[in-house]
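**Student:** Add chains Y and G to chain Z, keeping to what the hints say.
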Amino acid sequence: MSKSSARLNRRQFLTLAGAGAIATGLAACVPAAPAGDAGDGAMEDVQLQFVTNHGDVEIPFFQQVVDNFTEANPHVQIDLLNVSTEYYTKINTQGVGGDLPDIFYTRTFDVVPYASKEWTVNLQPLVERDSVDTDDFWEAEVEQITYQGDLYALPYDFSNLGVAYNINIFNEAGLEVPDGSWDWDGLRTVAESLTTREDGRTTRWGWAAHPWPWVWVGIIAANGGGILNEDQTECIMASPENVETLNFFKGLWSEGIIPEAGAMPQGVEGFSAGILAMTTMGSWATQWRRAAIGDSFDWDVTAYPFGSEGRRAVSAAGGAWGIATNSDHVEETWQFNVHLTSTESTNILISEPVRSIPGRKSSVPAWTAAAAREDLPPRNVEVFAQMMEDAYSAPFPAYWKDLETIWFNRVAPLISGGDPTLDVAESLGKFQDEVNEIIAIG
Amino acid sequence: MIALPKTPRARREALEGYIFLLPWLLGFILFTAGPLLASFYLGFTTYRGDRSWPDWIGFANFTKLFQDDLFWQSLKVTVIYAVGFLPPGMALGFGIALLMNQRVKGVSIFRTIYYLPSVITGVAVAVLWGFVFHKEFGILNTVLELFGVTPISWLFDSRWIMVAFIIMGLWGVGDGMIIYLAGLQGIPTELYEAASIDGARRMRRFWNITIPMMSPTLFFVLVTALIKTFQIFTTAYIMTRGGPNYATYFFSVNIYNTTFMSLRFGYASALAWLLFVLIFLLTLLLFRSAKFWVFYAGEKEETA
Amino acid sequence: MTAGMEQVARTAGEDEGRKLGTAETIVTYIVILVGAVGLMFPFAWMLSTSLKPLDEVYSYPIIWIPSQIIFENYIDVFKKVPFARYLWNSFVLSVLGIIGNMAGSSLAAFSFARLRYPGRTLFFIMMLSTMMVPVWVTMVPTFIMFSRLGWLDTYLPILLPAYFAVPFFTFLMRQFFLSVPVEIEDSARIDGCSSFGVFFRILMPLSIPALATVAIFSFFFYWNDLLGPLIYLRSQLKFPVAMGIASFQSEQYANFALMMAAATMALAPMLVVFFFTQRLFIQGVVITGVKG
Chain Z
8 MSKSSARLNR
18 RQFLTLAGAG
28 AIATGLAACV
38 PAAPAGDAGD
48 GAMEDVQLQF
58 VTNHGDVEIP
68 FFQQVVDNFT
78 EANPHVQIDL
88 LNVSTEYYTK
98 INTQGVGGDL
108 PDIFYTRTFD
118 VVPYASKEWT
128 VNLQPLVERD
138 SVDTDDFWEA
148 EVEQITYQGD
158 LYALPYDFSN
168 LGVAYNINIF
178 NEAGLEVPDG
188 SWDWDGLRTV
198 AESLTTREDG
208 RTTRWGWAAH
218 PWPWVWVGII
228 AANGGGILNE
238 DQTECIMASP
248 ENVETLNFFK
258 GLWSEGIIPE
268 AGAMPQGVEG
278 FSAGILAMTT
288 MGSWATQWRR
298 AAIGDSFDWD
308 VTAYPFGSEG
318 RRAVSAAGGA
328 WGIATNSDHV
338 EETWQFNVHL
348 TSTESTNILI
358 SEPVRSIPGR
368 KSSVPAWTAA
378 AAREDLPPRN
388 VEVFAQMMED
398 AYSAPFPAYW
408 KDLETIWFNR
418 VAPLISGGDP
428 TLDVAESLGK
438 FQDEVNEIIA
448 IG
Chain Y
359 MIALPKTPRA
369 RREALEGYIF
379 LLPWLLGFIL
389 FTAGPLLASF
399 YLGFTTYRGD
409 RSWPDWIGFA
419 NFTKLFQDDL
429 FWQSLKVTVI
439 YAVGFLPPGM
449 ALGFGIALLM
459 NQRVKGVSIF
469 RTIYYLPSVI
479 TGVAVAVLWG
489 FVFHKEFGIL
499 NTVLELFGVT
509 PISWLFDSRW
519 IMVAFIIMGL
529 WGVGDGMIIY
539 LAGLQGIPTE
549 LYEAASIDGA
559 RRMRRFWNIT
569 IPMMSPTLFF
579 VLVTALIKTF
589 QIFTTAYIMT
599 RGGPNYATYF
609 FSVNIYNTTF
619 MSLRFGYASA
629 LAWLLFVLIF
639 LLTLLLFRSA
649 KFWVFYAGEK
659 EETA
Chain G
237 MTAGMEQVAR
247 TAGEDEGRKL
257 GTAETIVTYI
267 VILVGAVGLM
277 FPFAWMLSTS
287 LKPLDEVYSY
297 PIIWIPSQII
307 FENYIDVFKK
317 VPFARYLWNS
327 FVLSVLGIIG
337 NMAGSSLAAF
347 SFARLRYPGR
357 TLFFIMMLST
367 MMVPVWVTMV
377 PTFIMFSRLG
387 WLDTYLPILL
397 PAYFAVPFFT
407 FLMRQFFLSV
417 PVEIEDSARI
427 DGCSSFGVFF
437 RILMPLSIPA
447 LATVAIFSFF
457 FYWNDLLGPL
467 IYLRSQLKFP
477 VAMGIASFQS
487 EQYANFALMM
497 AAATMALAPM
507 LVVFFFTQRL
517 FIQGVVITGV
527 KG
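Line order of the protein sequences matches chains Z, Y and G.
For the first sequence, this note's numbering gives the first residue as 8, with consecutive numbering after it.
For the second sequence, this note's numbering gives the first residue as 359, with consecutive numbering after it.
For the third sequence, this note's numbering gives the first residue as 237, with consecutive numbering after it.
Treat the hints as calculated values from the structure; they're not laboratory data.
Treat the hints with care, since some could be wrong.
As a list, the in silico DSS-like pairs of lysine-lysine whose alpha-carbon atoms are at most 25 Å apart [claimed, not checked]:
# : chain 1 : residue 1 : chain 2 : residue 2
1 : Z       : Lys437    : Y       : Lys434
2 : G       : Lys315    : G       : Lys474
3 : Y       : Lys434    : Y       : Lys586
4 : Z       : Lys408    : Y       : Lys434
5 : Y       : Lys422    : Z       : Lys124
So that you can see chain Z by itself, here it is in the shape it has in the complex (with noise of 0.2 Å):
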């Protein structure tokens, strides 16, 4: 069987391999799913399936921007569905079945994976018809929706790290709060000097690092190295530079600097608690760390560090809006997207209530008045959009998902501790040689 005369249209496809023969001849008993009523007037009823992956904070927030359309456009009915835990398995099945809802969350990671599986619409060609004003996202972002050139989703936040710190703690330390110009070697020199230590036991951490590999796509690059190549087509984790830098946050847990894994109880969060002086903070956990740390202390924000090649490289990630290929009604679609991403939505969905980072650039003025506006730490939190300057920008390969197993298998063990045998060089050298196993793969 020859690949070209092997494609099938996707009806068959679904029938044949879906139900195999002895459900395919009870399903045609059975009048077909309403689907789609086939739209020739503009104006016909249509119902979309909007899905989102958020919690139940943000949910009132799509409603009401769900609302503003429907109001606009009373003949488009918009289903709005939050599934919190559980995403991929729903959205893959439902992929892999043709069935995906006509709008849902793309996050930066699966915008190239869904879109070079035909899961998603190019949404280049409609962008270039109304003008979508696409030099409003965040440049970084864009590379990462962009599939062989073209947009595949448009854009709903992006989110970068700082490092937060407790102003108690330094101020009984007598040091002097960061002012974000530090690097790695700064850190480390802060966050010994917080480490207190009683009976031999650690009681207070200096920084706590974040395993996820995205996160490390910045921190590598700006110490001079690379997790893939330039086209991504070879991983080159084994590297010495990279080596070095595994080096270092390694020593930061086997000297007691940062906590190792397990060293925080279960359903403890460090920072809040208290017993971190310093630790790494998602753009998006401002509102989050208010409510967990109340009026504890006092606390503010300040930037990553720069990296050995005296330049910081943020990483950065964000969520998306893409369009299913099986969706009947792409048109609307597209206009509740263009809706959905607008300034005018981005304020209501992020800025007005301090989410993450807005994915458009003029909804960042919103943000940081209504961060200010409750007179509550991090004062400083405008520093997450001036990072974004620094946003270290490569599209995630569609291999993206396999990466990341290898990574927590082989790499975080390496930054949050539990082994101290683990030898930095061979496991680099593992993660390397998995991962182009899984690129020769395709």
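**Tutor:** Structure of chains Y and G alone, referenced to chain Z:
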């Protein structure tokens, strides 16, 4: 070959047999067989979840499996876990059931408490494990330190994590308790009474009455626990993502990742059907062994 | 009803229990109590977390008794998500699931255990085999099948399997049916009972603990089920309670206080149901043997 029933009575019984079997038979044909066949078929293809017809590649997935280090690693840790978990799991579940079958005051409350681990999941249990396995002040290390053992990072050290997983597995044996309790109610009291008159001691009554009478229940728990244990997934998926260093990369985690992370459906199906063969053979062995130790009071002829 | 049978109001375990000496009773209590304290730990944490303000949730050391006990979290759960609706949906799913599982599995189990016909062993092996294929590889084909049937966003794909004899429960019931002595069935058949009579009048009443086990298990399965609803449902208001609990934790933040309030409310019915059902395992409703 299967002999057809000869007498009218046997024919009638056979007809009734099929009628009672109908719920399962229909469900199997309508809802189960199709997807099973589809996944079996996909095991011989390179299907990646895209919109093209999968390429038939014969046994290539299966030959590739045997050169795949991760396949061997996931097989190894799954077998180690099963061997380490099943015997103590069976014994503990049965032990708790016997304890909960005693006539003590408040046994209803205790049974409910002992069933809690089977209904509480997620964060609350993770907090518990944090306290049990914590390197510095965990219960386990505190006890071990009395014997001079240096503290172990149970959940993050690939050399020890399997022990932690077996302990976490034992936490959930309360499910079995309820099945055992149901089984214990079916033992005729007269048997014990007769044994008491004979002056049999408790241990002898346990071995000569309780165990044989419970053997159908024990057999059920053993078979289903075996099938379930070889498919262990949730704890590893939630707590370790298969790590560190693939120390908890169980077979089902491998299948899940290959399906939903890599979207390599063909290869995942091959993995799944290989696991199926393994579980099937082990189950068959158990059924072969059953005639030596499982006693059915209602057995009419050779039953599986 | 049938000659030769009597209702024995005592069960095996109780019989053993009566012979416990004082020392043994004390030891038994100590063992049970020590275990119970350990098993209560996560429950205690849940309850404590659900009654605190958020800024005491993540503190160290854990504050077991909140500075002020607040019940707002329980009210907030209903304000932030349609939790009452989720509870109702779980209730509907559970009730229909219990009925299906009890009916479907006991019918097929009776066939496997007490009737003889060609292919019985083969069918039984096939049934057990379906438990051995990991769900992840059949999930997508099953989804496509139900999607083609037009059953998405209904409870049919979630509930129907229960009515068509779930292998686990069928196997369980088969084992119990096989334990009922042949003599009981024989005397019933001599009295003129058909297979249907044997099933309804003899085996079902004798298998109340087994049926109770099936009921408890299916209740907990459907009450906690997330995977089925996750895959097949589309409307927020059709989801069960597990979805409600999960919505207080997203990839970026977790509100343990609300989450544990929701989880505690979801747990309560399970404990109540278990507490009352497990009595069936002591009251001696079982007709345990043959006399004479």
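**Student:** If a hint holds in the structure, say so; if it doesn't, say that too.
**Tutor:** Hint check results:
For the hint linking Lys437 (chain Z) to Lys434 (chain Y), the alpha-carbon distance of about 19 Å falls within 25 Å, and the restraint holds. Of the supplied pair hints, the one linking Lys315 (chain G) and Lys474 (chain G) holds, its CA atoms being roughly 17 Å apart against a limit of 25 Å. For the given pair, Lys434 (chain Y) sits about 16 Å from Lys586 (chain Y) by alpha-carbon distance, which is consistent with the 25 Å threshold. Between the alpha carbons of Lys408 (chain Z) and Lys434 (chain Y) the distance comes to roughly 24 Å, so the proposed pair stays at or under 25 Å and holds.
For the given pair, Lys422 (chain Y) sits about 24 Å from Lys124 (chain Z) by alpha-carbon distance, which is consistent with the 25 Å threshold.
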